[in-house]
Amino acid sequence: MHGEARTNLADHLRTSMWFVLGLALCLLVFHDPLKVSPETALRPPSFTFPGGTDRLGRDVLARASAGFKASLGVAGTAEIISLGASLIANLLLLLLAKVRLKALLSVPLLALRTVPPFLTGLALAALLGATNWGLIIALAMISFPFEVAVVEEEINASIEMPHIEGARAIGLPFYMILFRHVGTIAAPRIMRYALLDFVGLVAFEALLGFVGMTRPPAPSIGAEIYNAGPYVAIYPWLFLVPGLLLAAGLIVFNAGFTRALKGR
Amino acid sequence: MKGVTKWILLAILVLAVVVAFVFYKKQTKTVEPKAKPRIAQAIKTSKEWVLRDSAMSNMTSFDPVKIVDAFSVNVLANVYEGLVNVSPEGRPVPGLAKSWEHSPDGKAWTFHLKKGVKFHPVTGCNFKVPEEVTAKDVLYSFKRALSAPGAVTSWIFTDIMEGALEFAKGESKEIKGIEIVDPYTIKIHLKKPYFLVTRLTFNGTWIYPAGIVEACGEDYLSSHEVGTGPYMLEEFVPDDRIVLTGFKAYRQIHEKAPARVVIRIFSDPLAAMESFAAGDLDIVEAGISTLPKARGLAEEGNNLVSVPANYLDYIVMNNKKAPFDDIRVRRALNMVIDREALAHQVLKGFGTSAYGFIPPFSPAFRGFDRIKEQGFKFNPAEARSLIETYLKDKSKQTLELELVIDSGEVPETIGQFVKAQVENNLPNVHVSLKKITWPAMLQMAFGGEGVFYRFWWNIVIPGEDLYFLFYFPGQDPPHGFNLSCYDSKEFLTEYETAMAGLDANRRYQGVQQLEDIMIRDAVAIPLLHKTFYFLEKKGITCPVNGLLKKPYIYSTSSEN
Amino acid sequence: MLTYAFRSVFVVILGILFSFALFYVLPDPAYRVAGGFADKATVASIRKNLHLDEPIAERFVTLVSDTARGRLKSFYTNRPVIGLAIDKLKVSLAVAGWGLVFIFVLGGLLVAGQGMSRRLKRWVEMLSNTAAVVPVFISAILLLFASTKWGLPKDACAGLALAIFPSILLSSNIVLRLEEAKQAPHTLIARAFGLGRFVMFRRMIHELAPSFIILSNALIFFLIAGLAVVEEIFGIPGIGHWFLQSALRLDLPVLFAVSVLLSLGVVALDMFNKIVVWVLDPRQRNAW
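Residue numbers (this note's numbering), protein chains in the order written: chain C, 1064 to 1327; chain L, 2 to 561; chain B, 1300 to 1587.
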């Protein structure tokens, strides 16, 4: 008993270590990411500026770190909203299916999937303007139609499982089956999709930057990486520093999530 | 499970090979146009060669009265001609008119057309092209510039030509100010003395055959050309290429000019530069992200040419809306921006600092050193005292400004730089940045909603009056698109005098005086003049100018 | 079956309507067409020319009929949109083709790798989990650099960038389902009875059907966004890049045409999914 408890604690510590590491990446702000100083423009990495500097003389590492934090917040919130909305939508779909009115919701959802995401982003940018919440809502609305479909498929697949069939056979209540049994099987897979979708939203945020949904000079890591693309051969640190930081951050969070979900 | 896995693997590999075989395409070198050229008219010189050029944009239309972008004008300048053409140095020279004279009061201009000028053959329509260009074709083209549906060119004539405004509005059936003296002579009557010649280099005044639209449809000229220029527009495949073929019947074929020009359209400057490095292009434009590579390639024997453009990157301030209605604020903002740092440290490779409003390619430009002396100075201390006085008068503690920019590396960098400069040097001023798309920017600016935003203009024809197009009172022509809501009687009077100057030097002096007034009134915040950079392959000489960039008709030659 | 067909048509119409509705939220395209000469009279004339002031219903009908007749013209280049779309689709298909190749190759390698030995499986799993979270534009920029440095074909590199994530998704799904199928009672029974591997494999394909559907849904979203991003980065003038530029230029006819294509495509894919499931998984045949 004693040994088991210790293993559990060690496991939890190891899992949380990943998250701590991920959050630590948001704290690498050793210089002001907004301070403009043309005299130090476009310097390669050095002791003073470990990430090198950009066109406006700002520390690239500080901007990448601050940008990562900002994108985590924005894309993370958007993903949570989208996931929540998808779960609610699916619940509604299941309820409607019981009264044979599923098509009332499933048809508009399928139609929403046919609207090009960038067009949605452009329209929402015009409507909501360049505010943080505007950006979050835009990202959530872009992700939602596809997330609904994925969640639906995972739930359907889980329903086909033999032990679920068994549960239905012995007459367990619908909600109990849904939340305790289907939920436990589908949840890890849905969470895995959510994480990958979150990655996509970080990338999409950069794209939305083109339509004016970001507020310069606040950094956004996707935009930092994307804008550095043409300069990979000339000023590689402009791309490598935020790119590596983003990749590292996402890998670290992914590892944490995978470990956390493996327990189930 | 292992056995199954092996079979899966094998099946996938086989499938992959098959699919790869089906989809793989060998990288082709230069693209040869597939359309049938008009062979009978095609040029044949002793040494035929094809110039391979590059571009980053598409053509928006072939119709002279509907194009608004510099690129389309650039290409079509080789296909169409007006009464007046532009030399490689950017000066007006005879085009379809061999000579002209004006009355002593400068209000009546007579143009004598060259005889025997041929139009390009018409394709896709049953229209008989006239034997040569005559005055009635000129009249027809000018009428269309004023009244064609969707035309953006009426402003060229409405403020200066008699009867043009009435004709454009549909109030009269003829243009009072155009008189056909004989088939080769046309006389134009103006409302006021004006140097008409530069206006007639504008694309809206390019000439095509009378009756073409009635015979072939309103949309015909959007996708076909019937010009008189040295090249015919053979083909335009959006996002792929534009092909120009020499016109045999052109009156003055330059013996070293290319027989054909293939302009490949790229979506990004790096790809174009790579193509040049691979030997697939003869000319490529270098921009802010590709200039270092261009410099490297120049060391291999290629030729990197640069020319200061007729371009101004600036910040618009609405002179009628607070706080920009106060000259102290306008002057202070001008004085806190270190333009040298912007041009040389931040936006390396973009262009030069702008201390005034006249672009460097203009003959009226005073020179970089002189304008730095006479233009806006970097003086944060004086700016601070101006702002303090202003705030005291208004009983305010701080000044909140919102600077609107569009998206892209240059505008965003400029916006962030300006914000930092203002806030660092003026502690009681706070600037927030708002980013919008370019179409939204145009709507805001020309819809009269703009207050404080970054904008730019690029004038592609000689014409000193055009530098001031965006500063005249009134939103509608005849006085331009006054984005700054600038309203100065002194400026207007001086403008009328300057533009009435039929002597070039008098005009340039007048324009400089106008610039002085604008600097004194701190109408806007000039920041940068762009520099055009072109990399030319060894042995190719293509003259570039700050207006039209590359007129192929002039001396583009190959030593190979 | 019939209800499904009706439903599909309804989805297409609804989808197109959603896209069309968004046009009224976007800025005015007439100012962009007018460029730097946007005085009131010119803008009004352009709006008239482009039918922007017509009543909503009339404008929608005109757009749809013009699209159907292939007469829809781009605001930007004045060329028929359908012709342009087909040209650009061909270019994108080259990239997508390479993407497919890489999805199969990579996916197959990953599945095989996880089936071979436990140790290899752990490494492959770790590697693919890591690669899956790297956003497409990072791998695209790196591959662009590689392609310019070592002269690799652009289409192939772009396809590879696009394929990384879907191949990992595909392989992890397949492996997961196969493992579940291995534990399923009918499989265990079949093995107990000594049925051959091929027969069991055939049965296990039923388990793959859901993976297929999940993958196609994720693929559509990823491909739509991913193709545009990859084409933008590589400078490939395909349909994704064209759509992105048209959206920024407010070239409404292009946006409309692509929305129509997308609607039809998504519905076609949905139908294809249903057919695949119908064929592969008899249990779901009643689910219509």
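Calculated from the structure, these hints are not laboratory results. Here the structure is a predicted model, which is why all the values come from computation and not from measurement. Where a beta carbon is used, it is the ideal one built from N, C-alpha and C, also for glycine. Certain hints may be false.
Unchecked claim - In silico DSS-like links for lysine-lysine, alpha-carbon gap of 27 Å or less:
1) B:1448 x L:322
2) B:1448 x C:1161
3) L:294 x B:1347
4) C:1098 x L:349
5) B:1339 x L:321
6) L:108 x L:129
7) L:435 x C:1098
8) C:1098 x L:378
9) L:174 x B:1448
10) L:170 x B:1573
11) L:170 x B:1481
12) B:1389 x L:349
13) B:1339 x L:435
14) L:108 x L:193
15) B:1347 x L:538
16) L:378 x L:322
17) B:1339 x L:144
18) L:99 x L:170
19) B:1573 x L:174
20) L:539 x B:1339
21) L:193 x B:1448
22) L:490 x B:1448
23) L:116 x L:137
24) L:192 x B:1339
25) L:378 x C:1132
26) B:1481 x L:177
27) C:1165 x B:1347
28) L:144 x B:1448
29) L:257 x L:435
Unchecked claim - Covered, in the sense of this in silico footprint (three residues per stretch, anywhere, with C-beta under 8 Å from a C-beta of chain B), are these stretches of chain C:
30) 1079-1090
31) 1304-1316
To be verified - So, partial list: chain C residues that the calculated Cβ filter (under 8 Å) puts toward chain L:
32) 1106
33) 1230
34) 1231
35) 1250
36) 1280
#### Entry: Hint numbers contradicted by this structure
As far as the earlier hints go, 1, 2, 3, 6, 9, 10, 11, 12, 15, 18, 19, 20, 21, 22, 25, 26, 27, 28, 29, 30, 32, 33, 34, 35 are violated by this structure, in ascending order.
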